[in-house]
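A.B. asks: What follows is each chain in one-letter form.
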Amino acid sequence: GENVEQHPSTLSVQEGDSAVIKCTYSDSASNYFPWYKQELGKRPQLIIDIRSNVGEKKDQRIAVTLNKTAKHFSLHITETQPEDSAVYFCAAISISSASKIIFGSGTRLSIRP
Amino acid sequence: NAGVMQNPRHLVRRRGQEARLRCSPMKGHSHVYWYRQLPEEGLKFMVYLQKENIIDESGMPKERFSAEFPKEGPSILRIQQVVRGDSAAYFCASSLYQGNEQFFGPGTRLTVL
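Heads up: the protein sequence lines correspond to chains A and B, in order. So the first sequence is numbered by the working numbering: it starts at 1 and just counts up by one. So the second sequence is numbered by the working numbering: it starts at 1001 and just counts up by one.
Derived from the structure by calculation, the hints contain no laboratory data. There could be a bad hint or two in this list.
[What the hints assert, rightly or not] Partial list, derived from the structure: chain B residues whose beta carbon lies under 7 Å from chain A:
{"#": "1", "residue": "G1042"}
{"#": "2", "residue": "L1043"}
{"#": "3", "residue": "Y1048"}
{"#": "4", "residue": "F1065"}
{"#": "5", "residue": "F1104"}
{"#": "6", "residue": "P1106"}
{"#": "7", "residue": "G1107"}
Think of the CB as a built atom: it goes at the ideal place given N, C-alpha and C, for glycine as much as any other residue.
Using the sequences and the hints, build the whole thing.
C.D. replies: Laid out in structure tokens, this is it:
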């Protein structure tokens, strides 16, 4: 079945440094890859997404890359700030599976002051 | 434009009771998804519904769980004879079209005593 693997499970970086989270997916029909940020007790919030016809997308300090051949995609956060501390989930959606989101297991990102 | 609404936000039930969780999608959205999040874990897909139809229920337990999205009114996730293992946060999401961005509600946190 569909599966999304995410690592690392926890990540601690110094404020101002970059953070990278990596994911792989199994369903080759996946064509949409959103990233969600979830703060404690809150709902998941979409922070950036990428579709399978694009290799890279950037929005200010956040960028996402996609390698369809290798079924890898990554989130890059530059110049990290304390408010970036949260749990981040990668996800994959396949139109062939009724568009349900298959989530990774999450990365708990902590920014050290 | 109100976002996705869920109620109640917190629900406490004793073992064997029934839990009813409600989700009102964003205005104009006819696609609703339910996800479950166990403590310290990622979100798992449960069911995908369009108005009056269940499209994909592959993530929903076969027994005790049911979902509906009537022509009028909110989507309902119903859990009969709850057990302690049902304690979790239940999120619904809605989208305008299949394969589009899904917007999440604030979640219902179910606690089974």
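A.B. asks: All the hints need checking, so say for each whether the structure fits it.
C.D. replies: Hints, verified against the model:
1. This hint holds: G1042 (chain B) has a C-beta 4 Å from the nearest C-beta of chain A, less than the 7 Å allowed.
2. For L1043 (chain B), the suggested interface contact is upheld, since its CB lies about 5 Å from the closest CB of chain A, less than 7 Å.
3. Interface restraint check for Y1048 (chain B): the shortest CB-CB distance to chain A comes to about 5 Å, inside 7 Å, so the restraint holds.
4. This hint is violated: F1065 (chain B) has a C-beta 16 Å from the nearest C-beta of chain A, more than the 7 Å allowed.
5. For the restraint placing F1104 (chain B) at the interface with chain A, the shortest Cβ-Cβ distance is roughly 4 Å, inside the 7 Å limit, so the hint holds.
6. The beta carbon of P1106 (chain B) comes within 5 Å of a beta carbon in chain A, closer than 7 Å, and the hint placing it at the interface holds.
7. A cut of 7 Å between beta carbons decides the hint on G1107 (chain B): the least distance to chain A is about 6 Å, and the hint holds.
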